[in-house]
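Quick note, the sequences are listed as chains S and U, same order. To convert a position in the first sequence, counted from 1, into the working numbering, add 5. To convert a position in the second sequence, counted from 1, into the working numbering, add 5.
The reader is advised that the hints may include incorrect statements.
Since the list can't tell identical chains apart, any single copy or any two copies may satisfy a pair.
Restricting the straight-line Cα-Cα distance to at most 25 Å, the calculated cross-link-like pairs of lysine to aspartate or glutamate (DMTMM-like) are [what the hints assert, rightly or not]: (1) Lys163 x Glu225; (2) Lys298 x Glu135; (3) Lys298 x Glu74; (4) Lys298 x Asp89; (5) Lys298 x Asp113.
Treat the hints as calculated values from the structure; they're not laboratory data. These numbers come from a predicted model, not from an experiment.
There are 2 protein chains.
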Amino acid sequence: MFQLLQTDTVSAARIGRLTLEHGVVETPCFMAVGTQGTVKCMTPHEMRELGAQILLSNTYHLNLRPGVEIIRGAGGLHRFMGWDGPILTDSGGFQVFSLAKLRKLTDDGVHFQSHIDGAACFLGPREVMEIQHALGSDIAMVLDECPHYPCDRETACKAVERSLAWAARCREEAANIGFTGKLFGIVQGSVYEDMRRHCAEQLVATGFDGYAIGGLSVGEPDEELFRIAEMTAPLLPANQPRYVMGLGTPRQIVELVARGVDMFDCALPTRVGRNGTAFTRRGTQSVRVAAWKDDPRPVEEGCACYCCRHYSRAYVRHLFNAGEILGLRLLTWHNLHVYLQLMRDLRAVIAAGSFESFRREFVANYRVNYSEGKET
Amino acid sequence: MFQLLQTDTVSAARIGRLTLEHGVVETPCFMAVGTQGTVKCMTPHEMRELGAQILLSNTYHLNLRPGVEIIRGAGGLHRFMGWDGPILTDSGGFQVFSLAKLRKLTDDGVHFQSHIDGAACFLGPREVMEIQHALGSDIAMVLDECPHYPCDRETACKAVERSLAWAARCREEAANIGFTGKLFGIVQGSVYEDMRRHCAEQLVATGFDGYAIGGLSVGEPDEELFRIAEMTAPLLPANQPRYVMGLGTPRQIVELVARGVDMFDCALPTRVGRNGTAFTRRGTQSVRVAAWKDDPRPVEEGCACYCCRHYSRAYVRHLFNAGEILGLRLLTWHNLHVYLQLMRDLRAVIAAGSFESFRREFVANYRVNYSEGKET
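Please put together the full structure from these sequences, using the hints given.
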């Protein structure tokens with residue numbers, strides 16, 4: 006399922022190839038976020054045009070709306086949303102974190118109050134596997150408990166033990182129901198190296214198709230984030246994919262690739278785009294600045310995306326000022342292109358053995374404005 | 006500029022060809038509304054894919070935002086918005102009606118308070134011609150006064166005289182500034198046949214490249230609308246294009262084509278689409294109905310549009326329920342396709358001599374739910 010093609014000699018960066026039921030994914034890869042069965046503002050055809058090889062969707066959200074029976078009846082999520090490439094689905098574990106006020110945790114699973122209408126909804130290991138099976142996910146995630154930051158040792162420890170129990174039950178359940186996709190475990194343990202190690206070892210002993218490093222981008226500073234990734238990645242099998250969930254800025258992605266991470270997802274490019282901010286190779290840029298009012302240049306000079314090939318900064322700024330949906334579309338398009346092009350570039354420089362110089366230059370030139378990028 | 010190709014033997018329906026600076030437009034034609042320099046939700050490339058041959062934009066709105074100097078600096082509206090086909094611009098005359106509370110009329114023109122920030126803005130005959138010249142409109146409209154319905158004779162008469170004076174001044178101004186596009190006059194006169202006749206005769210005496218029948222779809226019942234169009238169209242030169250502004254439903258368009266109208270614009274397909282209502286050949290249909298929740302069929306069976314080729318009713322309904330922008334896009338796309346396909350069909354049946362039977366069948370099958378379709 007995962008072929009490790011090359012590992013950088015200087016850093017832990019690596020390139021690989023994931024072979025899934027709906028297609029092949031080159032890693033390091035970025036998964037655009039399609040929480041509700043659509044990458045916001047985009048069609049699946051446009052995602053193909055952008056070179057996306059895999060999308061992410063969400064068990065909790067799709068289960069509430071439209072409901073898993075409707076998607077099952079439509080022949081699965083791929084057919085429902087018109088995307089024939091691979092899909093990874095989060096289990097709802099992240100909503101344990103993001104919807105903390107609307108849920109109650111027990112050892113059996115999570116009792117949610119729907120964020121839409123308050124209806125009761127229970128997600129346990131069996132439920133998340135049944136739902137992801139019905140969706141037809143290429144990669145399913147185990148149910149986990151994602152604690153807040155900062156997090157004391159006791160809370161972190163409890164979350165790890167619960168997550169391990171759920172992970173094992175998800176694996177059993179997947180076998181019971183004949184789930185044919187891949188199943189990834191999720192390493193928790195907050196900032197504690199011993200817990201991360203314990204969690205990783207136990208998950209690897211249970212055996213999964215790939216491993217996520219969870220519980221990141223929950224408020225910790227970048228140094229903590231990089232430290233945790235750097236300590237956790239080597240605890241995971243080299244010949245299996247590693248996925249950092251819910252991250253990040255282009256700079257964070259480059260730094261995490263340097264630490265041996267293969268897969269990313271993040272709402273930043275789409276969300277920030279809809280808010281009128283463009284990602285560029287040198288950082289973020291608001292389209293609303295007065296200087297753009299008559300600027301004939303593209304959003305990012307030299308960019309090959311649809312937005313930059315056809316429209317000026319002045320026009321994109323006008324669309325945002327006038328509240329026009331085409332503005333949201335164009336900037337979403339551009340930002341996703343920046344992310345997907347970055348992944349292509351990363352794969353190329355790793356293959357060429359020039360990753361470290363690319364990384365140094367990229368990080369030196371990148372101006373950070375954003376640190377959050379999580380879905381609810 | 007206008008070639009009348011064929012007139013129906015039973016009705017007044019006709020087919021023709023408009024040759025404009027940016028391309029050829031086959032009539033009867035429908036102009037999608039791009040008030041702020043974008044057809045809401047759509048790219049210009051998608052409009053081409055839909056077969057649109059001409060778009061409409063708006064002098065009042067573009068003059069306020071982004072401002073005419075910015076569009077002039079960008080090389081005109083075509084380059085600014087990335088549409089290389091013909092553009093017709095309304096003069097701002099309709100905003101005399103739709104923004105009645107924000108304007109003061111004098112014989113010199115219209116003093117507006119900007120609907121955006123309250124700033125003072127004056128549009129007289131010279132201003133609207135200068136702006137439309139700067140925009141690079143293929144077809145400019147004269148400034149006119151569009152009265153409300155119902156409208157007493159005195160008010161209607163005053164609006165006609167003022168509109169005639171402004172039309173003549175617009176024509177002079179166009180010559181003075183070297184405007185190279187076409188200029189259309191606008192017939193007012195409310196429901197009064199003598200005034201419509203007087204207005205039409207005076208405009209024709211002044212001489213314009215085409216003539217609009219204005220002051221319709223301002224609250225009058227359909228019978229009045231059809232009666233006014235039927236009495237006014239024959240007052241206009243047969244060898245010049247006739248344009249009914251701001252209309253209508255598919256059924257209204259078919260009925261107006263039967264009365265010899267060549268050109269239409271209307272915000273209905275885009276606006277109603279964004280509100281979750283689909284146009285079909287048999288009337289309108291809300292996408293939110295419970296019956297669609299698991300309906301695998303396309304929005305309109307047999308429809309060849311992008312939405313109907315790729316997505317189910319269940320998915321489109323889900324997108325609207327979930328507040329996803331892709332829903333707005335898909336239904337806008339479908340509705341514009343329905344309108345543009347209707348115009349293609351109308352041209353074909355007129356050419357084939359079967360317009361009357363097409364009209365009878367279409368009108369008999371069409372269920373009317375909507376009567377308003379005006380832009381502000």
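Okay, the hints, checked on the actual structure:
1. Lys163 x Glu225: within (19 Å within a copy, 70 Å between copies)
2. Lys298 x Glu135: Between copies, since 21 Å is at most 25 Å while 52 Å is not.
3. Lys298 x Glu74: between (49 Å within a copy, 10 Å between copies)
4. Lys298 x Asp89: between (40 Å within a copy, 22 Å between copies)
5. Lys298 x Asp113: neither (56 Å within a copy, 31 Å between copies)
Of the numbered hints stated above, the single one contradicted by the structure is hint 5.
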